[in-house]
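J.: The task is simple: from the sequences and hints, build the whole structure.
In the order they appear, the protein sequences are chains A and B.
Per the working numbering, residue 1 is the first one in the first sequence, and the count goes up by one each step.
Per the working numbering, residue 1 is the first one in the second sequence, and the count goes up by one each step.
Worth flagging that the hints you see were computed from the coordinates, not collected in a lab.
Small disclaimer: the values here were computed from a predicted structure and weren't measured.
One or more hints might be untrue.
Repeated chains share a single entry, so a pair holds when one copy, or any two copies, can fit it.
Pairs of lysine-lysine residues, derived as DSBU-like cross-links and limited to a Cα-Cα distance of at most 35 Å, are as follows [stated by the list, open to error]:
hint, residue 1, residue 2
1, 594, 546
2, 54, 16
3, 594, 562
4, 416, 369
5, 79, 594
6, 671, 562
7, 388, 16
8, 562, 79
9, 289, 369
10, 388, 578
11, 533, 578
12, 671, 369
13, 694, 16
14, 671, 423
15, 578, 546
16, 546, 533
17, 388, 533
18, 671, 594
19, 289, 388
20, 578, 638
21, 423, 546
22, 54, 79
23, 568, 594
24, 594, 423
25, 562, 423
26, 594, 578
Number of protein chains: 2
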Amino acid sequence: MTLIGARIPKLDGPGKATGETRYLSDLEVPGMLHGVIRRSDRVHARIVSVDVSKALEVSGVHAVLTARDIVNVPFGHGKDNTPLKGDRVRCIRDEIAAVAAETESAAAEACRAIRVEYEDLPPVFTVEDALKPGAPEIHAGRAGNLPFTYDYAHGDVAQGEADSAHVVEGEFVLQFMTHCCMGTSAILAAFDSEGRLTLTSLTQVPFLYRRDMAAIVGMSPEDIRVIQPPIGGAFGSKLDIYPFEPIAVHLARATRRPVRIVFSRHEEFVSSPTRQPMRVRLRSGCDGKGRLTFRDAQLWLDNGGYTSWGATTPFVMMQTFSSLYRVPHARFHTKVAYTNNPYSGSFRGYGNLQATFAVESQLDLLAEKVGVDPLELRLMNSQETGEKTGQGLEFVSCGLRDCLESAAEMSGWRAKRASPALKGNVRRGVGMASMLHVGGGAKIYRSDGCGSVVSIDDFGKVTLVTGSTDIGQGSETVLAQMVAEVLGVAMDRVKVINSDTDVKPWDVGVHASRTSYVAGNSALLAANEAKAKLLTAAADLYELPKGELSLSGGFIMRGAEKVDALDKLVRTLHFTGKGELLVTHSYFEPASVKQDAGFFGNVSPTYAFGTHAVEVEVELDTGQVRVLAVSAAHDVGKVLNAMSLEGQIEGGVVMGLGYSLTEELKIREGKVLNPSFRDYHLLTAPEVPPIHFKAIETEDPSGPFGAKGVGEAPAICVAAAVANAVHHATGVRFTELPLTPERVLNGLIAAGVVRDPLA
Amino acid sequence: MTLIGARIPKLDGPGKATGETRYLSDLEVPGMLHGVIRRSDRVHARIVSVDVSKALEVSGVHAVLTARDIVNVPFGHGKDNTPLKGDRVRCIRDEIAAVAAETESAAAEACRAIRVEYEDLPPVFTVEDALKPGAPEIHAGRAGNLPFTYDYAHGDVAQGEADSAHVVEGEFVLQFMTHCCMGTSAILAAFDSEGRLTLTSLTQVPFLYRRDMAAIVGMSPEDIRVIQPPIGGAFGSKLDIYPFEPIAVHLARATRRPVRIVFSRHEEFVSSPTRQPMRVRLRSGCDGKGRLTFRDAQLWLDNGGYTSWGATTPFVMMQTFSSLYRVPHARFHTKVAYTNNPYSGSFRGYGNLQATFAVESQLDLLAEKVGVDPLELRLMNSQETGEKTGQGLEFVSCGLRDCLESAAEMSGWRAKRASPALKGNVRRGVGMASMLHVGGGAKIYRSDGCGSVVSIDDFGKVTLVTGSTDIGQGSETVLAQMVAEVLGVAMDRVKVINSDTDVKPWDVGVHASRTSYVAGNSALLAANEAKAKLLTAAADLYELPKGELSLSGGFIMRGAEKVDALDKLVRTLHFTGKGELLVTHSYFEPASVKQDAGFFGNVSPTYAFGTHAVEVEVELDTGQVRVLAVSAAHDVGKVLNAMSLEGQIEGGVVMGLGYSLTEELKIREGKVLNPSFRDYHLLTAPEVPPIHFKAIETEDPSGPFGAKGVGEAPAICVAAAVANAVHHATGVRFTELPLTPERVLNGLIAAGVVRDPLA
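T.: Right, here's the structure in full:
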């Protein structure tokens with residue numbers, strides 16, 4: 001193989017580096033109007049009246065819409081959201097009216113001119129309050145503010161308790177965090193003269209989006225075309241439909257003009273989805289040697305005012321509670337409660353950062369109780385290839401043990417763990433944590449497949465039309481590599497087309513770390529069929545045994561001998577005899593199953609594993625935690641593109657470090673206190689520590705070239721490893737994120753490690 | 001059948017009617033510069049010097065290119081043209097320099113500021129002069145100004161002469177005519193940051209264009225993507241590459257910016273291709289009863305300064321000389337000579353208007369000699385289905401006899417022919433003429449095929465990706481109809497994608513009346529495969545005999561009973577079992593052959609026939625010819641879309657009437673005298689007579705639903721029919737076009753029909 005595993009720059013890199021790439025915010029179409037949304041000033045109130053008369057007087061305004069002007073179809077996972085809010089607002093994001101105008105400033109001015117009269121309702125800001133008897137009902141008819149609960153169990157937790165020599169219990173509190181995509185939320189809606197709708201949309205799931213949007217705006221899905229422009233970051237944030245999207249459609253319909261909405265950065269902080277905040281109460285047990293006996297988890301998720309994908313993170317979290325290491329008995333109960341806070345969406349890791357933080361923190365506690373090194377306890381409980389977990393997850397390849405050993409080795413674990421280093425008032429420690437995540441998609445819909453069309457033109461140029469979506473993760477590049485590898489051509493001979501639902505075949509979308517695996521397998525099917533056609537044709541033409549032919553360097557080869565140039569053979573097929581174009585198509589459906597009502601079943605065809613060992617330095621006087629190094633080992637099945645993989649790992653680790661140390665969208669009484677990059681502390685480049693990475697190649701039998709998905713993996717276990725390292729350094733266990741200096745210092749003071757300087 | 005033969009409006013109609021359609025001249029891309037070309041002031045001169053210094057001083061200018069600045073690769077059918085002219089200009093269009101600037105006006109100003117010093121060379125303006133010994137050599141090394149000759153013969157003309165009772169001989173002179181596309185010539189060339197080139201181009205032949213352009217601009221064809229925007233008319237004019245196109249590429253390369261060139265209307269008249277002007281000397285004979293014995297044709301074509309497709313019109317013309325009616329012996333000799341006139345390209349009919357004018361004028365002369373009605377003479381010589389002509393053309397379906405009878409009947413031929421009507425100084429007459437043209441493409445390249453991909457999405461929406469190109473002729477609509485008919489869905493369920501070489505499969509392009517036939521057959525192959533998949537799946541699923549199932553109204557039917565909805569079945573296939581997407585692909589190569597060196601061979605799988613009977617009124621005092629009615633009967637194989645067909649017929653007839661009566665691009669000493677719509681007389685709507693049309697359905701066995709191509713046919717025999725009608729009305733034979741009042745009055749005076757009012 002010449003391309004698989006190589007370091008290949010991203011195909012979209014040069015365009016992005018040179019500024020050539022045009023994002024949706026760069027796109028102006030003739031006649032386009034700008035949409036701006038008037039949002040709520042209150043977190044929970046009855047809307048008494050909305051007066052748009054002054055807004056209509058603003059020059060350049062074409063339409064001002066309120067809930068009265070549209071058919072306001074409920075949508076979302078809980079069918080509890082509407083594009084515009086008519087009677088009541090439930091959170092600070094709420095969309096009350098929308099304006100389309102010739103300029104963005106005119107639309108904004110008109111929005112400000114809208115008079116809204118409210119009557120405040122009693123607000124609810126915590127899950128605890130929301131679930132109290134008699135709490136204000138945030139959605140009429142949703143009794144007790146409890147739209148969803150999740151219950152899962154395998155084995156018998158009582159038996160597990162009985163089998164335990166040690167049990168630890170604790171509560172973990174996870175914060176709001178936001179995606180901070182460099183490109184803010186945006187959409188362009190345009191009807192053509194026959195009433196068909198083209199949505200230039202940042203969605204990660206164009207085919208599902210098309211179906212769902214059709215229902216919301218009262219159209220037939222086949223009349224909607226979704227075009228995906230280059231996307232300035234997604235990370236899960238574009239998995240759902242949000243109110244601004246149907247609002248753009250309604251504005252376009254009302255004005256008969258294309259309407260574009262682009263969020264301001266402030267709006268992006270306040271009104272885009274967040275990582276799901278929650279409280280996790282976990283009990284874990286093990287026997288005298290450290291073998292895990294049970295886990296019993298209770299979770300309370302703050303659903304905010306409406307339901308988006310954040311409410312479904314328990315699907316993923318329960319896998320970690322049930323199946324990260326061997327757990328004979330496990331139980332999982334989750335309540336998702338409405339509050340008047342912002343609502344959460346999907347975010348790289350999808351609940352798994354939260355679950356892993358709890359689980360892996362308690363593994364260290366158990367190791368301490370047993371008196372073994374945390375690495376040893378983990379190795380003792382690690383699964384192997386071929387195992388099936390209590391939840392029915394089947395590990396057809398499993399490199400967890402290798403990940404543990406490799407992360408330990410890279411970090412100098414055994415030496416550093418033996419004696420936490422002290423340097424004056426600065427303490428050093430190492431901690432580790434592992435992760436388990438789906439590695440080949442997740443069959444949460446009836447299909448988790450992807451279609452592909454491969455064609456080779458007369459000049460040997462290969463086009464892959466894939467159903468999959470590139471949101472910056474590099475799938476275009478990796479898919480091109482796979483096709484180029486199979487067909488024995490250079491990378492620059494392959495073009496990937498993936499951004500238009502009118503052109504590309506179906507795919508479920510980009511989520512669940514599925515693209516390399518599912519779209520990769522799909523592309524391989526089509527590429528291999530093209531290869532077979534070429535080899536058969538060459539064998540016939542030159543009367544050679546097909547089995548001895550191969551494709552390499554743009555040629556059909558027999559051993560080291562060139563039989564024909566690939567492009568020449570394609571032309572021969574095209575221009576002689578019956579005439580044939582090299583076009584093949586495929587559809588790949590992974591061998592996963594939808595879980596049953598008890599959440600049992602092998603939801604992904606393969607799983608990703610990883611271990612991070614983190615070394616930290618804690619400044620006792622200030623509570624400042626500095627990460628000195630992250631040593632990350634990941635079971636990736638097979639390295640497809642070493643450069644792209646490193647990018648994924650590094651990006652994920654940095655995102656995990658932000659979650660661990662600095663990032664929090666601060667919500668107080670439903671309002672966002674830090675809606676700017678100045679106050680929302682993203683890690684900056686100088687703050688990023690060295691990241692050591694080792695890829696564990698387990699050569700998954702079902703993966704494309706043996707690969708499995710790794711898109712979400714590297715973000716998942718950072719926080720637990722950091723917290724374990726801080727504990728190693730200071731002896732203090734932190735169960736709430738992020739580990740800001742303030743929080744750490746207070747923790748150190750409370751634990752008596754340092755004196756309160758103010759005392 | 002529910003859709004085939006119906007009156008279905010064009011899919012692109014609403015967009016064009018509402019102004020929604022964006023042509024290339026409406027397209028602005030970020031950073032785009034405007035290109036303007038400095039052309040020659042002389043028709044034949046040495047370029048002594050080109051001084052661009054003042055041009056470079058114009059504000060907003062980014063680049064000024066002359067031949068010295070680029071690698072000036074020869075191109076075109078004669079490889080005698082270059083993008084920019086360095087040493088010599090040979091016609092008034094010649095491109096000496098090009099400017100790219102921020103605005104079109106800055107670029108134009110800079111062009112004007114370029115100083116060119118010439119040294120005049122002796123010019124040549126007629127073919128006769130060009131072929132004289134010692135004539136100035138227009139291209140060095142092209143001896144005698146004779147780049148091409150064409151010789152064809154079948155039978156033995158001497159024997160034909162010997163068999164003849166009557167022989168007529170004459171000379172016909174055909175004028176320059178220009179396409180008058182509503183959208184002028186234009187191109188947008190843009191390199192991306194990796195050096196790949198996207199050409200937004202009006203080309204009719206995107207795949208050939210890509211290959212040829214690559215050679216001209218020194219690139220690899222697979223690095224060029226051709227996107228075809230909506231095209232404001234083509235009619236053959238966009239079949240070749242013209243200098244402005246590589247010039248745009250060179251400007252884009254020099255400036256590293258996208259560069260657009262859009263011709264002004266003046267430039268379009270002066271510098272776009274024309275219909276091939278020529279002189280035709282023809283001898284035709286028949287026996288005593290009127291049966292044709294031979295044709296002997298000599299043609300002289302004015303090639304102008306360079307060679308474009310006009311020089312290849314003899315390929316088509318010889319078919320009419322050899323095979324329009326039964327001709328036992330035929331000979332054809334053509335000389336194509338360089339002059340310092342503008343050069344000609346491809347134009348709907350491709351030489352056949354010229355050839356048919358001569359052939360059909362002489363048929364009337366022969367009828368007169370024999371003393372039979374021209375209709376009878378034509379019927380006597382008409383071919384039948386199953387005949388093979390002397391040139392090897394095989395008429396698998398032939399409705400010529402029906403066309404003759406129908407045109408006669410519609411026009412009231414027999415009554416009107418008997419006695420030309422007189423009304424004071426106004427005389428009326430009827431004339432007829434027939435035509436033969438390829439009806440399923442022409443295999444002039446190694447392949448004349450087309451690829452298609454048909455897919456059906458989860459909502460039953462059908463996408464046809466076709467290699468073919470719609471230049472306004474309505475192929476999108478007709479192809480959608482065919483696919484909708486096969487799949488039993490409504491028209492609005494089918495989307496056609498056809499404008500991007502990165503997406504669509506190969507096709508030779510739109511010319512030779514091939515799209516309905518070739519792309520239609522290709523689409524049918526893919527649609528029928530999709531249908532078979534659906535019926536097989538339904539038969540399996542519902543345990544029904546497949547042979548009893550059909551597709552209709554969006555359902556799988558068993559007789560009148562609905563078995564399943566089509567979209568539901570597609571979803572079932574997608575979401576259950578092994579998972580399958582409905583995608584099929586096809587490649588159709590017509591059963592035609594490339595002709596041999598002697599131009600013998602069945603170049604098209606089927607042929608189109610037609611007859612026009614025209615009634616005219618000639619005002620003797622003024623020479624004004626008014627067409628009262630055109631009765632057109634065309635063998636179309638099968639009507640696919642009655643409305644679209646009528647549009648083609650009417651448009652073609654009007655184009656033919658313009659050629660007959662008013663249109664001439666007047667060239668004097670190489671210069672264009674009438675480069676504006678005011679002076680170039682296009683027929684206007686009030687001048688268009690009633691057009692009666694009858695479609696003859698011969699149900700071609702190889703055609704899609706029995707159809708054959710008809711795109712060019714209706715323009716072809718108008719002029720001959722008009723001239724024959726004028727002869728019938730006045731007794732005067734006109735052999736030169738157009739029949740302007742001046743020409744007709746002079747002819748009437750010369751023939752003594754009227755007195756010279758100035759005498």
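J.: Compare the structure with each hint and give your call.
T.: Hints and how they fare:
no. : hint        : result
1   : 594 <-> 546 : between (41 Å within a copy, 32 Å between copies)
2   : 54 <-> 16   : neither (42 Å within a copy, 37 Å between copies)
3   : 594 <-> 562 : between (48 Å within a copy, 31 Å between copies)
4   : 416 <-> 369 : within (20 Å within a copy, 115 Å between copies)
5   : 79 <-> 594  : within (22 Å within a copy, 64 Å between copies)
6   : 671 <-> 562 : neither (68 Å within a copy, 56 Å between copies)
7   : 388 <-> 16  : neither (43 Å within a copy, 61 Å between copies)
8   : 562 <-> 79  : between (61 Å within a copy, 33 Å between copies)
9   : 289 <-> 369 : within (10 Å within a copy, 119 Å between copies)
10  : 388 <-> 578 : between (52 Å within a copy, 23 Å between copies)
11  : 533 <-> 578 : both (15 Å within a copy, 23 Å between copies)
12  : 671 <-> 369 : neither (42 Å within a copy, 100 Å between copies)
13  : 694 <-> 16  : within (28 Å within a copy, 58 Å between copies)
14  : 671 <-> 423 : neither (42 Å within a copy, 92 Å between copies)
15  : 578 <-> 546 : both (21 Å within a copy, 29 Å between copies)
16  : 546 <-> 533 : both (10 Å within a copy, 30 Å between copies)
17  : 388 <-> 533 : neither (39 Å within a copy, 38 Å between copies)
18  : 671 <-> 594 : neither (38 Å within a copy, 76 Å between copies)
19  : 289 <-> 388 : within (23 Å within a copy, 95 Å between copies)
20  : 578 <-> 638 : between (41 Å within a copy, 26 Å between copies)
21  : 423 <-> 546 : neither (68 Å within a copy, 82 Å between copies)
22  : 54 <-> 79   : within (33 Å within a copy, 68 Å between copies)
23  : 568 <-> 594 : between (46 Å within a copy, 20 Å between copies)
24  : 594 <-> 423 : neither (53 Å within a copy, 87 Å between copies)
25  : 562 <-> 423 : neither (65 Å within a copy, 82 Å between copies)
26  : 594 <-> 578 : between (45 Å within a copy, 14 Å between copies)
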